[in-house]
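Residue numbers (the numbering used here), protein chains in the order written: chain A, 551 to 812; chain B, 735 to 1005.
No lab work stands behind these hints, which were simulated from the structure alone.
Keep in mind that a hint or two might mislead.
Derived list of chain A stretches under chain B, where covered just means 3 residues or more per stretch with a C-beta under 8 Å from a C-beta of chain B [stated by the list, open to error]:
1. 585 to 597
2. 635 to 642
3. 686 to 693
Glycine included, every Cβ here is placed at the ideal spot set by N, Cα and C.
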Amino acid sequence: MTASRVRIAIRDLEKIFVEGAREVHAVAGVSLDVRDGEFVALVGPSGCGKSTVLNMIGALVAPSAGAVLVDGQPVRDRAPRQVGYVFQKDTVFPWRTVEDNIALGLQYRGVPPATRAVRVREAIALGGLQGFEQAFPATLSGGMRQRVALLRSLVVDPEILLMDEPFGALDTHTKLTLQAELLSLWEAKHQTVVFVTHDLSEAITLADRIVVMTRRPGRIKRVYDVKLPRPRDVIRLRESDEYSREYGEIWHELGQEFRESA
Amino acid sequence: MKSDRWRVLAWQLAILVAIIAAWEYLTGIKAISKMPGLYWIDPFFISRPSKIVERFVHLASPSVRLSIWAMAWSTVQSTLWGFLVGITTGFAAGLVLGRSERLARISSPFIVAFNSLPRIALVPLITMIFGFGLLAKIVLAWSIVFFIVFFNTFQGARSVDADLIHSARFLGATEGQVMRTVIVPSTLAWTFASLTPSISFALIGVVVGEFIGGESGGGLGYLIIQSLGTLNAADMMVALLVLGVIGIVMALGIRQVEARLLRWRPEYRKR
């Protein structure tokens, strides 16, 4: 992995939000390199600016200072084409069926209908959504809607995937299921992933590297390499000694941040 | 559940029959016997069901110069035109202003001023400009429908979820595609909610237009005003009944369209 090229380069990133007369220093001097095929998790207490960092990579928020480069190109007002994004919030289009939601990206990119149909069918099979092709999102559970959102992002084969607490609103069981699915999808293509979460066990389960951020103004406190072998089994992993050791070590550091912010 | 539905329907029918029977009966008996003209309820003002049916049959026959069908058609036609033109222009204006902060700010005092003007007060002016015909009625209906649709659409266009727009952009949408696949469908949900009140108000606008539109404008409103001139309550009732039926049919039709277009919404799923 060390030899692979840098896909996302974050340089001295700063963000100050101005709300009326008040200034909120959200992100302070964050620098980070994310290499090709790497799965990086950003962890920290809520309000630590981890989502803001992600949104600056995705061009949803403009930096106050510093820069983000994706494949060497500075990110300005629109994320480059190779970047996909999964929101925590439900962003499945309610007026489109499951099938039509997954087809969106292909439709935007002008993929001919016949090819589109094949790829949508593949994605639906991959996500175990057979039988729900014609269903409208309102009839689905939160977990299924988020699965649709994930498949919708992946069907256009993004090389870089930004994920903002995508499983944050789900119950534990659904969350574990979707983590397992995400891992197997990732094993197949090895996209470069930046995954924001406040859930340390989720970060350890999924990531190669965990970036722990301090509370506001958010800085990088430490970066951990997760040495757990791959492919990982979401359930069995949790029972292993290595997992407990990693968890204990990072929690010690992170717990301090959580306590101080509470 | 099913038997319950029938029971409700039976009650509704019974009440309707009772009202009609009481109407017929009370307008037929004298308050004081042998005193002419003193009824329990004077049919001069509200007519009688039997008389109304008689007048309806007369007005519906092909021998009359201006049949009830021709008048109803004139009303329906103007209403639908006013409705359609009102929806399309109201939607277009609402969408454009809703997505442009600057245009919205510039136009807002004009819109508020025009909308707070009672539309009825415009009837003589509209008639002066557009003459005594279909066009004046359509313009009047339009002027009411336009604002209902406009305000709903405007609100809808402003409340499009920004994250849906971002999602579309991440999936590779151009700004045109964002407009077509996110902003328009999301706004339409609000626009559709204004369709049912719009059709009712279009009908109101048309009937008011017909009150002063004269014979060349025609329509059921004309029949009502003409009946006022001849103090003919039966004809007036015929016009009101036909108007009622038109109103119901139109509202039901719109509900069907709405349920079809908004079938992705949970509240329309069953049925």
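- Which hints from the list above does the structure break, by number from lowest to highest? Number 1 - this is the single hint that the structure violates.
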